[in-house]
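There are 2 protein chains.
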Amino acid sequence: MKRIYLDHIAAAPLAPGVFEKMRPFLETDFGNPQSLHSDGQAAAEALAAAREHVSALIGADPGEVIFTASGTEANNLAIKGLAQAQRAKGNHILVSAIEHASVLNAVKTLEKSGFQTTIVPVDGEGRIDPADVVVALRKETVLVSVMTANSEVGTIEPVEDIVREVKAKAPGVLVHTDAVAAAGNVPLDVRALGVDALSFSGNAFYGPKGSAALFLKKGTKLVPQIEGGIQEGGRRGGTEDVAAIVGMGEAARLAAKAMPDRLVRMTALRDRLIEGLPRAVERVRLTGSPGRRLPYHASFCVEFVGGEAMLLSLDFKGIAASSFSACTSKSLKVSHVLLAMGLDHTLAQGSLIFSLIDSTAAADIDFLLDAFPPVVERLRKMSPLYTDFLKEQGR
Amino acid sequence: MKRIYLDHIAAAPLAPGVFEKMRPFLETDFGNPQSLHSDGQAAAEALAAAREHVSALIGADPGEVIFTASGTEANNLAIKGLAQAQRAKGNHILVSAIEHASVLNAVKTLEKSGFQTTIVPVDGEGRIDPADVVVALRKETVLVSVMTANSEVGTIEPVEDIVREVKAKAPGVLVHTDAVAAAGNVPLDVRALGVDALSFSGNAFYGPKGSAALFLKKGTKLVPQIEGGIQEGGRRGGTEDVAAIVGMGEAARLAAKAMPDRLVRMTALRDRLIEGLPRAVERVRLTGSPGRRLPYHASFCVEFVGGEAMLLSLDFKGIAASSFSACTSKSLKVSHVLLAMGLDHTLAQGSLIFSLIDSTAAADIDFLLDAFPPVVERLRKMSPLYTDFLKEQGR
Chain B
0 MKRIYLDHIA
10 AAPLAPGVFE
20 KMRPFLETDF
30 GNPQSLHSDG
40 QAAAEALAAA
50 REHVSALIGA
60 DPGEVIFTAS
70 GTEANNLAIK
80 GLAQAQRAKG
90 NHILVSAIEH
100 ASVLNAVKTL
110 EKSGFQTTIV
120 PVDGEGRIDP
130 ADVVVALRKE
140 TVLVSVMTAN
150 SEVGTIEPVE
160 DIVREVKAKA
170 PGVLVHTDAV
180 AAAGNVPLDV
190 RALGVDALSF
200 SGNAFYGPKG
210 SAALFLKKGT
220 KLVPQIEGGI
230 QEGGRRGGTE
240 DVAAIVGMGE
250 AARLAAKAMP
260 DRLVRMTALR
270 DRLIEGLPRA
280 VERVRLTGSP
290 GRRLPYHASF
300 CVEFVGGEAM
310 LLSLDFKGIA
320 ASSFSACTSK
330 SLKVSHVLLA
340 MGLDHTLAQG
350 SLIFSLIDST
360 AAADIDFLLD
370 AFPPVVERLR
380 KMSPLYTDFL
390 KEQGR
Chain G
0 MKRIYLDHIA
10 AAPLAPGVFE
20 KMRPFLETDF
30 GNPQSLHSDG
40 QAAAEALAAA
50 REHVSALIGA
60 DPGEVIFTAS
70 GTEANNLAIK
80 GLAQAQRAKG
90 NHILVSAIEH
100 ASVLNAVKTL
110 EKSGFQTTIV
120 PVDGEGRIDP
130 ADVVVALRKE
140 TVLVSVMTAN
150 SEVGTIEPVE
160 DIVREVKAKA
170 PGVLVHTDAV
180 AAAGNVPLDV
190 RALGVDALSF
200 SGNAFYGPKG
210 SAALFLKKGT
220 KLVPQIEGGI
230 QEGGRRGGTE
240 DVAAIVGMGE
250 AARLAAKAMP
260 DRLVRMTALR
270 DRLIEGLPRA
280 VERVRLTGSP
290 GRRLPYHASF
300 CVEFVGGEAM
310 LLSLDFKGIA
320 ASSFSACTSK
330 SLKVSHVLLA
340 MGLDHTLAQG
350 SLIFSLIDST
360 AAADIDFLLD
370 AFPPVVERLR
380 KMSPLYTDFL
390 KEQGR
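Those sequence lines, one after another, are chains B and G.
Anchor point for the first sequence: position 141 equals 140 in numbering that gives the first Met the number 0, and the numbering is continuous, going up by one each time.
Anchor point for the second sequence: position 233 equals 232 in numbering that gives the first Met the number 0, and the numbering is continuous, going up by one each time.
Please note that the accuracy of each hint is not assured.
The list that follows gives simulated cross-link-like pairs (lysine to any residue, SDA-like), each with its CA atoms no further than 20 Å apart [stated by the list, open to error]:
| id | chain 1 | residue 1 | chain 2 | residue 2 |
| --- | --- | --- | --- | --- |
| 1 | B | K111 | G | A84 |
| 2 | B | K332 | G | I229 |
| 3 | G | K111 | B | V222 |
| 4 | B | K1 | G | Q40 |
| 5 | B | K332 | G | R234 |
| 6 | G | K1 | B | S37 |
| 7 | B | K107 | G | R234 |
| 8 | G | K332 | B | G233 |
| 9 | B | K107 | G | K220 |
| 10 | B | K88 | G | S112 |
| 11 | G | K111 | B | R234 |
| 12 | G | K220 | B | T108 |
| 13 | G | K166 | G | T219 |
| 14 | B | K256 | B | D357 |
| 15 | G | K111 | B | L109 |
| 16 | B | K166 | B | G89 |
| 17 | G | K111 | B | G233 |
| 18 | B | K111 | G | N90 |
| 19 | G | K1 | B | Q40 |
| 20 | B | K316 | G | Q40 |
| 21 | B | K316 | B | L368 |
| 22 | G | K316 | G | R2 |
| 23 | G | K1 | B | A41 |
| 24 | B | K316 | G | A41 |
| 25 | B | K256 | B | S358 |
| 26 | B | K88 | B | K111 |
| 27 | B | K107 | G | R86 |
| 28 | G | K1 | B | E26 |
| 29 | B | K1 | G | A41 |
| 30 | B | K1 | B | F366 |
| 31 | B | K111 | G | L109 |
| 32 | B | K316 | G | S37 |
| 33 | B | K332 | G | G232 |
Keep in mind the hints are simulated off the structure, nothing from the lab.
Assemble the whole structure, with the sequences as input and the hints as a guide.
Structure below.
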């Protein structure tokens with residue numbers, strides 16, 4: 000059976016050519032880049048080249064990139080590392096209500112050592128209002144963390160405006176952004192954004208799992224979280240995963256090149272789905288912002304049915320999608336993102352996320368648009384809520 | 000030029016077959032193991048199989064293994080995670096003087112939040128005396144961390160005795176061991192050792208970089224350090240690096256199988272080098288224990304010459320070795336391990352470590368034994384210390 004993969008936010012395939020770039024560092028050039036002898040030299044050179052590509056993708060200098068093993072690790076390093084380094088200056092952190100679990104859990108842990116957190120709300124489209132951030136600033140505030148784009152609802156946040164307004168009122172406050180869902184898929188420039196730190200992950204732009212990085216603006220103090228050797232300028236210990244980093248480097252290079260074309264192509268496919276799905280099935284609504292959203296992302300709430308049941312039914316028809324961020328997809332909680340956007344608990348359970356990959360074709364979208372209505376119809380027949388709704392409607 | 004790689008402790012090649020096992024998870028089965036749909040299923044199954052092999056290697060249950068991205072990360076997770084989880088019980092930690100930087104730096108960081116550390120000494124062979132550990136126990140002690148084997152001097156520590164004596168005196172004290180240099184190279188059984196936690200790394204037994212794990216005895220409380228999703232039972236967030244984990248699993252399976260033969264073969268080669276080198280060059284002494292040492296490990300101090308100069312000269316002749324643990328090899332510090340063993344600063348600078356890999360042949364050792372004397376002779380000619388020595392000797 001042909002399978003249609005629309006779960007980019009959970010995992011993406013490697014871009015063509017990335018595997019071949021990684022391969023020598025698994026097969027032959029196995030040296031440690033920190034070694035003094037020649038057998039580490041190929042690895043050291045490849046690491047430096049990858050650092051160039053990865054930093055260039057976001058407009059940073061190579062020395063401003065700290066490689067990590069996941070976006071989650073980069074977020075933990077940023078939140079804990081920056082807050083701890085600023086502890087003498089203050090103990091207040093601002094984060095949005097729709098941040099990834101890695102950010103929200105990291106601030107909860109910091110609270111145990113005396114930090115205080117303010118959770119900034121979002122509107123019904125999942126947008127953070129810069130004014131809400133600014134008004135929550137205190138003289139003790141040392142760190143603001145707002146994501147670049149949300150992987151569950153696709154909304155792109157006004158990070159540039161937030162940074163500008165925060166820095167205007169409180170120049171000493173550091174701003175971090177979790178750009179895992181955005182980097183490599185939309186143009187990002189750390190100087191234009193004005194952020195002090197930015198987390199991003201290789202797999203999100205068709206690099207390997209196990210590759211990610213934290214951009215840290217030159218001169219910004221950071222308390223390392225994984226301590227050990229001199230790797231990454233002493234800011235993240237552990238032997239470098241050379242193959243993964245090389246793969247991320249090549250993916251970054253390819254993503255930068257493909258960006259303009261891909262943006263146009265993905266946006267068209269996304270909009271085909273966003274327009275088509277609510278026409279194909281009644282009582283389906285887009286979640287997130289219609290206008291300011293990730294080009295590969297279409298997310299919905301489907302009334303009277305559960306996300307999990309839809310996923311399994313779609314899977315049976317050869318379509319892979321998701322209902323949650325991958326980190327919690329096997330758990331049964333309702334999305335904190337959708338609740339923060341004001342959706343009620345029942346509706347939030349009907350969450351469905353289609354996230355397109357580079358190879359997604361218009362025919363795939365059309366296949367989904369055909370396959371989806373009978374799935375929903377069958378599930379709704381089993382739903383007492385839907386029966387009630389039909390009765391109310393006199394149908 | 001033929002190259003002879005004797006730097007296992009810095010990096011090892013993949014065992015034959017490991018790359019091919021990893022390959023599908025880079026090329027085709029790219030799904031996220033946490034996904035509900037079928038595209039994550041191959042990854043989820045491979046992850047479970049790898050967990051079986053990795054846990055079996057050390058006699059643990061699959062649920063007792065937490066995958067990390069490096070031995071350094073596993074050590075940080077163990078030291079910080081166990082200490083923080085025991086904070087209400089006490090604030091004292093015991094570590095040996097020759098632990099890896101990841102352990103020593105982690106305890107230093109814990110000291111900032113109120114922990115106290117006792118550094119247990121080692122003897123001239125780098126051995127920890129269990130009595131020295133027991134005598135340092137306090138009623139506030141919550142954690143002991145002693146390495147299974149040291150990568151700089153090859154000494155295998157009496158971990159089993161230490162655990163037995165610690166638990167006899169203070170049953171509530173947790174014991175962690177950094178087994179990165181030992182696991183997969185010597186037989187290890189967590190039940191026989193009696194430890195509560197054990198760090199190990201895939202590359203040390205011919206698995207990929209980026210693969211490592213922490214054994215955590217069932218029921219042991221741990222504060223996660225990389226927080227995020229539900230991966231690894233909520234104890235270590237971040238999308239699993241499936242290919243790396245699969246590679247570690249296959250390497251563990253192969254290491255277990257190869258262990259008996261390899262032990263015999265490596266020990267013979269090691270002893271050929273340990274006996275041969277001091278015969279080939281005067282004023283060379285073995286560092287670490289002659290009897291209780293890693294089968295792949297031969298380390299020396301060469302008088303009147305610097306380790307770095309020797310490494311570069313050997314490299315020029317096609318031989319890769321190291322002078323330090325890889326984590327600090329590009330830094331210029333003198334080994335804290337050798338200083339803890341009572342070597343003076345000058346002698347410690349002449350440190351040289353040959354660590355054999357599975358493909359090392361007797362001919363490689365003989366090539367080294369031939370190549371080494373002229374290297375030392377040339378360097379000693381430039382050494383004022385050596386000139387003084389010759390004068391003293393009346394030569």
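Checked hints:
no., hint, result
1, K111(B) - A84(G), "13 Å, holds"
2, K332(B) - I229(G), "12 Å, holds"
3, K111(G) - V222(B), "12 Å, holds"
4, K1(B) - Q40(G), "16 Å, holds"
5, K332(B) - R234(G), "18 Å, holds"
6, K1(G) - S37(B), "12 Å, holds"
7, K107(B) - R234(G), "15 Å, holds"
8, K332(G) - G233(B), "14 Å, holds"
9, K107(B) - K220(G), "18 Å, holds"
10, K88(B) - S112(G), "18 Å, holds"
11, K111(G) - R234(B), "18 Å, holds"
12, K220(G) - T108(B), "16 Å, holds"
13, K166(G) - T219(G), "15 Å, holds"
14, K256(B) - D357(B), "13 Å, holds"
15, K111(G) - L109(B), "15 Å, holds"
16, K166(B) - G89(B), "16 Å, holds"
17, K111(G) - G233(B), "18 Å, holds"
18, K111(B) - N90(G), "17 Å, holds"
19, K1(G) - Q40(B), "16 Å, holds"
20, K316(B) - Q40(G), "16 Å, holds"
21, K316(B) - L368(B), "12 Å, holds"
22, K316(G) - R2(G), "8 Å, holds"
23, K1(G) - A41(B), "17 Å, holds"
24, K316(B) - A41(G), "18 Å, holds"
25, K256(B) - S358(B), "16 Å, holds"
26, K88(B) - K111(B), "18 Å, holds"
27, K107(B) - R86(G), "18 Å, holds"
28, K1(G) - E26(B), "18 Å, holds"
29, K1(B) - A41(G), "17 Å, holds"
30, K1(B) - F366(B), "11 Å, holds"
31, K111(B) - L109(G), "15 Å, holds"
32, K316(B) - S37(G), "11 Å, holds"
33, K332(B) - G232(G), "16 Å, holds"
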